[in-house]
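S.K.: Protein chains in written order, with the working numbering: chain A, 1 to 376; chain B, 1 to 277; chain C, 1 to 303.
You may find that some hints are simply not true.
A few chain B residues facing chain A, derived, Cβ under 7 Å [to be verified]:
| # | residue |
| --- | --- |
| 1 | K130 |
| 2 | G132 |
| 3 | P134 |
| 4 | V167 |
| 5 | N170 |
| 6 | E175 |
| 7 | A176 |
| 8 | G181 |
Just so you have them, the derived chain C footprint on chain B, three or more residues with Cβ under 8 Å [what the hints assert, rightly or not]:
| # | stretch |
| --- | --- |
| 9 | 136-147 |
| 10 | 249-258 |
Treat the hints as calculated values from the structure; they're not laboratory data.
Quick caveat, the model's predicted, so the values are computed rather than measured.
A virtual CB, placed ideally from N, CA and C, is assigned to each residue, including glycine.
Take a look at the letters that make up each chain.
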Amino acid sequence: MTQPIIQPIIQIESVTKRFGPVLAVDDATLAILPGEFFALLGPSGCGKTTLLRMIAGFEAPTEGRILIDGQDMSRVPPNKRPINMVFQSYAVFPHMSVLDNVSYGLKMAGVAAAERRDRAERALEQVKLAGFGTRTPDQLSGGQRQRVALARALVNQPKVLLLDEPLSALDAKLREAMRFELAQLQDDVGITFVMVTHDQDEALAMACRAAVMNRGLLAQTGTPAELYEFPANRFVADFLGSVNLFEGRLAVDEPHRAVVESAQAGCPIYLDHGVTGATGATVWAAVRPEKIELHKRADERPPAIEDVPSGYNVARGTIRTVSYLGSESIYLVTLETGHEVRVTRPNLTRWDQEDFTWDEPVWLAWHHESVIVLQA
Amino acid sequence: MKPMVEPLDYLRRGWMRLWLGVVFLFLYAPLLALVAFSFNDSKRNIVWKGFTLKYYQKAWENSGLVEAFGNSLAIAFVATVVSVVLGGMAALLLWRFRFPAKSVLSGLFGLPIVVPEICMGVAMLTFFVKIGWPADLPWPLNLGAVTMAHISFCFPFVAIVVGARLVSFNPEMEEAARDLGASDWDVLRDILVPHMKPALIAGALLAFTLSLDDFVITFFTSGPNTVTFPVKVYSMVRFALTPAVNAASTVLMAITILLTVLALRAQRGLQSSAQAH
Amino acid sequence: MQDWRRNSGFFASLAVPPVAWLLLLFLVPLGGVWLLSFGQNTGLTEITVTGTLANYQRALEPLYLEIMLKSLWIAGATTMICLIAGFPVALAIVFAPPRAKTWLLLLVMLPFWTNLLIRTYALIAVLRTNGFLNAGLGWLWDGLSGLLALLGLGSLAPFQPLHLLYTDFAVVFGLVYVHLPFMVLPLYAALERIDRSLIEASLDLGAGHLRTLAYVVCPLALPGIISGVIVTMVPALGAYLAPDLLGGPSSQLIANVIERQFKRANDWPFGAALSFLLMYATFIALFVRAAVARSRGGGGAAL
Chain A
1 MTQPIIQPII QIESVTKRFG PVLAVDDATL AILPGEFFAL LGPSGCGKTT
51 LLRMIAGFEA PTEGRILIDG QDMSRVPPNK RPINMVFQSY AVFPHMSVLD
101 NVSYGLKMAG VAAAERRDRA ERALEQVKLA GFGTRTPDQL SGGQRQRVAL
151 ARALVNQPKV LLLDEPLSAL DAKLREAMRF ELAQLQDDVG ITFVMVTHDQ
201 DEALAMACRA AVMNRGLLAQ TGTPAELYEF PANRFVADFL GSVNLFEGRL
251 AVDEPHRAVV ESAQAGCPIY LDHGVTGATG ATVWAAVRPE KIELHKRADE
301 RPPAIEDVPS GYNVARGTIR TVSYLGSESI YLVTLETGHE VRVTRPNLTR
351 WDQEDFTWDE PVWLAWHHES VIVLQA
Chain B
1 MKPMVEPLDY LRRGWMRLWL GVVFLFLYAP LLALVAFSFN DSKRNIVWKG
51 FTLKYYQKAW ENSGLVEAFG NSLAIAFVAT VVSVVLGGMA ALLLWRFRFP
101 AKSVLSGLFG LPIVVPEICM GVAMLTFFVK IGWPADLPWP LNLGAVTMAH
151 ISFCFPFVAI VVGARLVSFN PEMEEAARDL GASDWDVLRD ILVPHMKPAL
201 IAGALLAFTL SLDDFVITFF TSGPNTVTFP VKVYSMVRFA LTPAVNAAST
251 VLMAITILLT VLALRAQRGL QSSAQAH
Chain C
1 MQDWRRNSGF FASLAVPPVA WLLLLFLVPL GGVWLLSFGQ NTGLTEITVT
51 GTLANYQRAL EPLYLEIMLK SLWIAGATTM ICLIAGFPVA LAIVFAPPRA
101 KTWLLLLVML PFWTNLLIRT YALIAVLRTN GFLNAGLGWL WDGLSGLLAL
151 LGLGSLAPFQ PLHLLYTDFA VVFGLVYVHL PFMVLPLYAA LERIDRSLIE
201 ASLDLGAGHL RTLAYVVCPL ALPGIISGVI VTMVPALGAY LAPDLLGGPS
251 SQLIANVIER QFKRANDWPF GAALSFLLMY ATFIALFVRA AVARSRGGGG
301 AAL
């Protein structure tokens, strides 16, 4: 991990949260930097929401502490923390007008009425709801209500904005549009955003950095590309996108060369760097579906894997299923070893020149740089 | 050919309609007869002799009856205000907090609803005699004992109505308010009370009706100078059956029905606002 | 939900007023009656709590035992009639179209909200010797008689009005009249909760309506039926007005005896003992209801 040069805005130090016998968050340590769009990513029940609620102050850590802007928050109630939250249900007060909703935080802070109105109206402009101030929440669509919730939080100029599954209540088209808009908004206001989501696409698309959580543990923290291309373990590899895993034995591990022997792959798997693991240990070679090539003939050696020593990273199988998805096609290939592999190919032309189809025998090949060796 | 009756459309079946007809006739005929004969120009109730309002006038000229009606309204008004406050607090308490012996307390709050009226009546009678509650206070203070007894059985009903409303409260609303800097009291004033409002209105109307209607408990707590409307009607019924009683009863029924319709309106507002989320 | 210790000031300000009221103006008076039931009259207005069980012993004398058994019998008969009359009504409401449902529920509830005294009083005009019921019966009788005469079968004897008021029949009639909504509402709540497709499955599998009721609807609605029986039985057992206004001297129930001890006989300790016997019966019934609700997964707890 690189040492941050700037002071983190949120420091989570060895935080553990138990609900009775249930361990919701297990010894989490994390630093979130000012101005970041940070995502807490994981399946439901992984503890990401609990972690967010501890930052907001709605839950207290069982062990460890949370610092915001260098201040220990242990004894600070939620209404005194320099952060605001956009709730999953948006929690727009149904009995108040949009303007009253947005200016509520300022009213609680004792800001004068005229200034409240001014700032609330500017916040509404910021979320493209100018002129909606006199409406009541039941006159708004779901997307508009979310904007009200955003304006209501941002108007207080918090040091951190927390977002709990901000897009989950929207329909698919709107969700996609809001991704870009939220990222743009974050860029404009420059406030640190911390978002909880179970949707990997959402996290990859919006966040500067993300932490993947699994069963209360922080599995990995990094940029979207780091998480996708260099997953630390099988959970992260599998949770972000899809992945082919070949279980095997680390046969060779030298500084510039490593080989995994896998009965599942049916061929030795070659890498051009060492993996610093114990030789003979069980490991998993991971290859993303889009990084595997399909070929009709064994002797047709594509330029992409020309520098892979011959006899490595080539497996033989039969196409079981083809799913045509428009932009790409997914091929499920059963190897001669019986192992099933997923391959995706972009549909670059209208008619596939090679026309891979059901029950066709094929060769699979992948470059050594596409392989990640996972030890857990 | 008649269209087929759908199998579960019981309301379309002849025998069911007959049954419902008999049951509703049983429920409504006596009350409708009572109302009709309050306008009957005859002392003998059974035969229709022509329309008259003279029994309403007689009831109005009966100063004891009018005074009792005033007492009933005063008691119901105070009992309603106090019951709404106490019931709202009890409901909030049980909804908001986890504390030792909570299920016991929630059971105790429900006790006034289930205890037989006669038992509560005698409890109130002995209690106020024992503490020596003065009987000769000026109006309306002399109604204090009856009012307090009414509050004791009204506020648990309010607590139930408000408690049911609080179940539908989205806790994120409160968290959002706290996140925006609201204290406990700010949350109560700005978020919880507005959410509870329809239930508070429905509870208030319920308490008012219960207080206005109560006979048994009041019968034991009221003295000669603190007669309420039902107690007065009771003594009139015991003394002699006159159409003036019918007239007075009709007035009370009209008030009750009006209040019930208002309460149901409030409840409906409550449901539709719950659906809007 | 929050632990009270985390916010004890707010907790206390919410808790103290209602708890204090409940304690001082409900539990203390009730406890007073309980203590009285172990006391004896030691003067014209003096009562000493001596811990005696004499009042309870006296309640078990044949005279009072008979009244208690009669109260149980009348309350039981009332409940059964309400169940039989109310079940089809609840069934019809559950399967009624939404608009009709709202109106039917309102029609069931409206008498519930009307003054108990007025409702009981209204029955006097129905039940008395020259009341509506006798008038209606007389009309039917005359019609029947006329029909027989027309057919040449002779005529019936002139109609003799039945003596209905001030009998046990009048008391049961009045109690059913007053308590029918108590039965219909829990039945409705229980039937409403039954998944419609279960009933349709039974019909689909070849059972008729009656067998579907017997084998599917009733077992599923059982917690609601028990709940309805208890919420009807409890107030019927402690009813004061119906026996007082509609019953004869021999149809006095336990509540009337209690009233007499406090208002006329001035034997408070004995009245207190009778009150608490009624309370214990109520508690047992409510305990049964709670136990049924719990064992059946909380069905039919709604009033």
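S.K.: For every hint, state whether the structure bears it out.
M.R.: To see whether the hints hold, each was checked on the structure:
Violation of the interface hint for B/K130 is found here, the shortest Cβ-Cβ separation to chain A being roughly 47 Å, above the 7 Å cut-off. Hint status for B/G132: violated, given a least beta-carbon distance of 48 Å to chain A, over 7 Å. The beta carbon of B/P134 comes no nearer than 45 Å to any beta carbon in chain A, farther than 7 Å, and the hint placing it at the interface is violated. A hinted interface residue such as B/V167 counts as satisfied when its beta carbon comes closer than 7 Å to some beta carbon of chain A; here the least separation is about 16 Å, so the hint is violated.
Of the supplied interface hints, the one on B/N170 holds, with its beta-carbon coming within about 6 Å of a beta-carbon of chain A, less than 7 Å. Hint on B/E175 holds. Least Cβ distance to chain A is approximately 6 Å, under the 7 Å limit. The beta carbon of B/A176 is positioned within 7 Å of a beta carbon in chain A (closest approach about 4 Å), and the interface hint is therefore held. Interface hint status for B/G181: upheld, as the beta-carbon distance to the closest one in chain A is roughly 3 Å, under 7 Å.
With a threshold of 8 Å between beta carbons, the proposed coverage of the stretch 136-147 of chain B by chain C is violated, since 0 of its residues qualify and at least three are required. Counting residues of the stretch 249-258 of chain B whose beta carbon lies closer than 8 Å to any beta carbon of chain C gives 5, which meets the minimum of three for the stated coverage.
Going down the numbered hints, you'll see the structure goes against 1, 2, 3, 4, 9, while the others check out.
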